[in-house]
Structures are given as C-alpha cells and as structure tokens.
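What follows is the residue order along each chain.
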Amino acid sequence: MSNISHSPESAGGNLTARALREGIFAGIVALGLFVLFVGLETTQNIRNELVLNQRWGLLAIFVAVAAVGRFLTVAYIRPWMDARKAAAKAPAEADESFFKRNFSKIAIVALLIYPPLMVMLFGVQGSLKWVDNFGIQILIYVMLAWGLNIVVGLAGLLDLGYVAFYAVGAYSYALLSQYFGLSFWILLPLAGILAAFWGMILGFPVLRLKGDYLAIVTLAFGEIIRLVLINWTEVTRGTFGVSGIPKASVFGIWSFDVSAPNNFAKAFSLPMSSAYYKIFLFYLILALALLTAYVTIRLRRMPIGRAWEALREDEIACRSLGINTVTTKLTAFSIGAMFGGFAGSFFAVRQGFVSPESFVFLESAIILAIVVLGGMGSLVGIAVAAVVMVGGTELLREMTFLKAIFGPDFTPELYRMLIFGLAMVIVMVWKPRGFVGSREPTAFLKERKAVSGSFTKEGHG
Amino acid sequence: MSDTLLSVQGVETYYGNIRALAGVDVTVQKGEIVSLIGANGAGKSTLMMTICGSPQARNGTITFDGEDITRLPTHLIARRRIAQSPEGRRIFPRMTVYENLQMGASLDNLKYFDEDVEKIFTLFPRLKERQSQRGGTLSGGEQQMLSIGRALMARPKLLLLDEPSLGLAPLIVKGIFDAIKVLNKEEGLTVFLVEQNAFAALKLSDRAYVMVNGKVTMSGSGKELLANPEVRAAYLEGGRH
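Chains as they are written, first to last, in our numbering: chain A, 1 to 461; chain B, 462 to 702.
Derived by calculation from the structure, the hints in this document are not laboratory data. Only a predicted model underlies this, so the values are computations on that prediction, with no experimental measurement involved. Please note that the accuracy of each hint is not assured.
[What the hints assert, rightly or not] Beta-carbon label-pair distances, calculated as ranges:
#1 A:PHE98 with B:LYS618: 48 to 56 angstroms
#2 A:PHE204 with B:GLY597: 28 to 36 angstroms
#3 A:TRP430 with B:LYS646: 51 to 59 angstroms
#4 B:LEU697 with A:PRO303: 41 to 49 angstroms
#5 B:PRO586 with A:ALA107: 39 to 47 angstroms
For each residue, glycine too, the CB sits at the ideal point set by N, CA and C.
Whenever a hint applies, use it, and build me the whole structure from the sequences.
This is the structure we're talking about:
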C-alpha cells in the first residue's frame, strides 16, 4: 500500500482520504493482532480458578494508537519528510545558523546559569531534583564518556572495563579520606594519578592486542577490580561499601558540614539547605568535565594526540614513521583512566557512599554506548548522547502519568533498559556513525580554506 | 659516491617455520637508486619489512650508515632516517592530506614542517589541491603520492618504496617515477625500490637485484639487466617461467 507513489502537491483531500483509509486498515489489523493478547487476560483467583478478564479499554487504546499513528504518518509525517528530502537535495546554505556555529559556547553559558535558573523556577528545595538528578548525573556521564573517548574515540582501543578506573577513583577518595583524613582537594589529583597508574597496569599486558581480543581483556580487568573491591573486606568492607565519606569544601574556605563554624549557609546567613552543596557540586563537575574537554581538544593538536589518531587509523604505518606505539598506547590508557579517576572521586564525594554495586559492567556498557552514539571522537556529539541517554532514563522516573494508562502497577523505571536499547537501535539505523560522525581536522595550511563539495567528492587520475 | 649506506648480509627471515628470505645480500650506496625485482612471493616485500624490523631477521645483519640495526624495534629504525612508503600505501584514511604530512614530520616535531611541506607540494602539486581532503577519499595515484610525500617529510637518508606502481595507470606511474628521479638527482636522495613493474624500475635504477624464492639470483646495473635475456624472458616479456 505504501508503494503507491504520490506527490506532496497532489490534492490535500485525496491525501487525507487515503490516510483515513490506511488508518482504519491499520486499526483493523491491530484489533486482529491484539484482541487475544491484550483484550483478554487470564488470571487465577483466590480459589485457584482460572478467570477470564476482559480489557476492552486497553485494547481500544492499542487500536487507537495504531490507527491514529498510521493516519498521522501518511497524512503529515511522510509528506513532511519528502519535503525535507527535497530541500536537502537543493544546495545547502553556505552559512550555518548562528546557533549551530556557536553551539558549544551557548551550551556552556546555559550550563553556567542552569542552577540559579532552577532555584528561581522551583525554589531552593525544589531545585534539588533538577540540579542533582539531572544536572550532576548527566555531567558525570559526560565526563566519563569524554574520558573514555580518549581511549576509544581517539586512540581506537576498545575498552570495555572503563568503569574500573571510575571505581579506583571513587575508592581512592573514600578510603584515603577515611583512613588518613585527607581533604577532597588533595585527594582529587591523587585519585586521578592512581587511576592513571592502573590505566598503565592495564595497558602493559594488552599492548599487543587489538579489537575483539583487547575488548575481552579490558572487560576482564573491570571485573577483577570489582571482585577485589567485594572480597578485600578488611580494607573495602566488601559489599557493605564505604559510607560516611566526608563532603568537599569550597577550597577549605567554606564547609558544607552542618556543624562546622564556617558553614556555607551560615556564612551568608542563608536558610539551611542541602541544595547549596548540590549547586556547588554541579559547578565542580561542570569544571571537571570542561577540563576534560579542554585537555582533549589541546591534546588532539599536539604530537601525542596526532599519534593517537594515527594509531587508530594504521598501527604499522605509525611505526614506520618513527612513532613509539608502546608509549602512545600507554599514555592513551593512562590519560583516559585519569579522567575516569577524577570522575570517580567526584562520584564518591557526591554520594557520600561507595559500594561495588555502582561499578558493574552495565556502567561500562552505558559509557561506551554514549561514546559510540555520540560519534567516536566528537565531544559535542558525546555530550548530546549523554543528555539523551542519561537524561532520558531519569526522565522516565518522572513519567508517573503513564500509571494512569497502564495501571498502578506500572513502574516506568523497569522499562528503562528496554527503551535504552530501542533508542540505540534507532540512532544506529538513522545515524550509523553517531550523532556527529564526521571528524574535524586539527590542522590547516595557513588559513582555513573552504573546499567546495563538488571538489572533494571524487578524485581524478 | 662509494659510501655504503645500507648493507644487508646473509639475512634470513621466517614467518613461523616458513623461510621467506634465504640468505639475502644487498647493498645500497649513498645517492643511488637501487631496485629489487622479482615475481610474486619471491620475498621482495619481506626484505623491505625486514629492513624496517618487522619481522626481524633471524640470521644475518643489516647495517645502516655504519650501525647495526638488525635488532632494533621499528620505530627506532625509522628514527635513524629510514623512511618507508609501505606496500598498499597505508595512508591514514580519516585524516586530511595535510594531517597525513604532519604525521610524517613527527620525528622532528614539525621543526622543518613548513618548508618541507612546500617542497612536497611543489613535487606533487595534486596534493596541494587536495590538502584538506581526507586521505581515504583520494584516488590511488594521489594516495601513492601522499604516501611518498609523508615518507619524505621525515627527511630520510634512505627512502624505501614498496611497489609504488601497484594498481596505478601507466601515466600516473610515469609521473611518480619521474618525481623519484628528480628527488634523486636534485637532492641526492638514496632510494631502494621494490617493483613488479620491472621495465620501469630497471630504466630508473642505477643498479638492480633480481630475487627468486627468497634469494638474490642476479644483480647488475639497470641497463645490464634490461639487456639480459633471462631477465627479459622472466620479467619483461612475461609468462615464460
């Protein structure tokens, strides 16, 4: 039916009639499909008898969704897509929009004013959810994904155990602050250094491995770290985790401990609230994430960054150009791990509690998924992917109205992974190289020269 | 012109238990163009790779500029200024032409980059036109130019070329061979060339070696070998061996 060709310019009435027809047909098909699956339900009652429940309302919703969906697709979405395709065929405008050109600047400014904005909109206590659950949570993943991007996106080394370095960073802060009473600002760099050290330890045995083989070993490495954390109970307290991790302070000037004399809220004679601490943490993780981005951008223009990218492209060619592939790989692993360590110690200070539960393989998989979905190597794409993936799953928790449709037993969080997977499939079908799939060159002759599309498409000779 | 730059003596290379090179002796003098011709599987490319240390020779010695480099790792051999344009070109496909050339200048950390890149662009004007294009989108001939250009960016004492004519149209091959000749005449660059295209290679070379089954069976000046009936039969007129 969909093969019937039509032009968007054809009479509107004709189109609507066709859409109606197809909509009704889709409704009938849906009715036939779902009448037994959805319309009727068998349950056992208290006396263990089989009872047939009739759910005509739910069935009506299913049929309506199919019919209306088909109607909208045929009547509006498809003509719109065709129009867009036709527009894309016309020569693209030379000037990108202002928004597109300055996307990263606008995004940074938006993030800087995000917490005060939330406080204004929802009040001091009300902002907690938005700053903490959305802001901080997403930024942690942005930072982790940017860190992993150095290893996977730039150097092309598939690392499935990245969460191990996150764990090393978190436990470094948790344990060292508990046993030695060191402050966050001393332990933050230390956690990074320790994670970088573990990155090198992972790097040595896997120097000769590539692709699938490398992925398996890094996966095992991540599990080893987690199992050590579970089983080394004298130090890490095993599955109970480390709790009561001290909070960070504003460079030792203001504290966020309620009893401290230099408490932040007291110092500014504000009402007591945990929101200030969360806002402080928001800016802290924002700064850390931006540091990661800055370092990545700078490194890409330096010899070591160029060597990483060349290594991803062709290892043999690299060696024949005099590049030491051993040190190149080790630096990629250790610098990537270092940012994982930073993020880990931030995670510990934010939660106040760490346990091996937080560092399961699923975390590695999510971080890697963000990197791949964003487009390997692209910082902006990865940030967008993190917002969509992490923000999307957080948003699901908020969708309580779904209970009205699917009944009070419906918990949207349980479908998190289902929707996560569906989103990944859709993105990969729609944009196989991630949101931002093209690689930005880092070097140009004198000034940036615009090369017209017709010139670059094919070579001669 | 009689200083030995590269000397390969009794080199044997194995892939597992298979002997690919069975005692090869080759010397290259400073300022020469030397070519190595032979059929598929004769071990030409293996010799090239062995000089670069990947795989390393099991027996024999390779001396470069008076230094034994037989057991050095590849990147250190490259740092002795032996640049290679490998078989299959192996440019970096997702990096631009300009970035590919930058990678070639890694040894000096771009110290001479600007003047060298200008030189490459004069030698291969096509590369200048395509400088902001990704390497993978170039045509075969342009990729070969880029591969040679990238090797030259390292300011090599010895340039190793592995089958520069592979899969290219005769006109392009001629252009590339002319460029090699110019480099040799004007800069005194020493070139060691592996080729299937025996006729073009022998015409270009000062001296040449013929390789069969991992052994050098014949050597002489390019002209001598061109005139040699055996060589003619096996590599120039084709199909009779």
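Output the numbers, in ascending order, of every earlier hint that fails for this structure.
Of the numbered hints, all hold.
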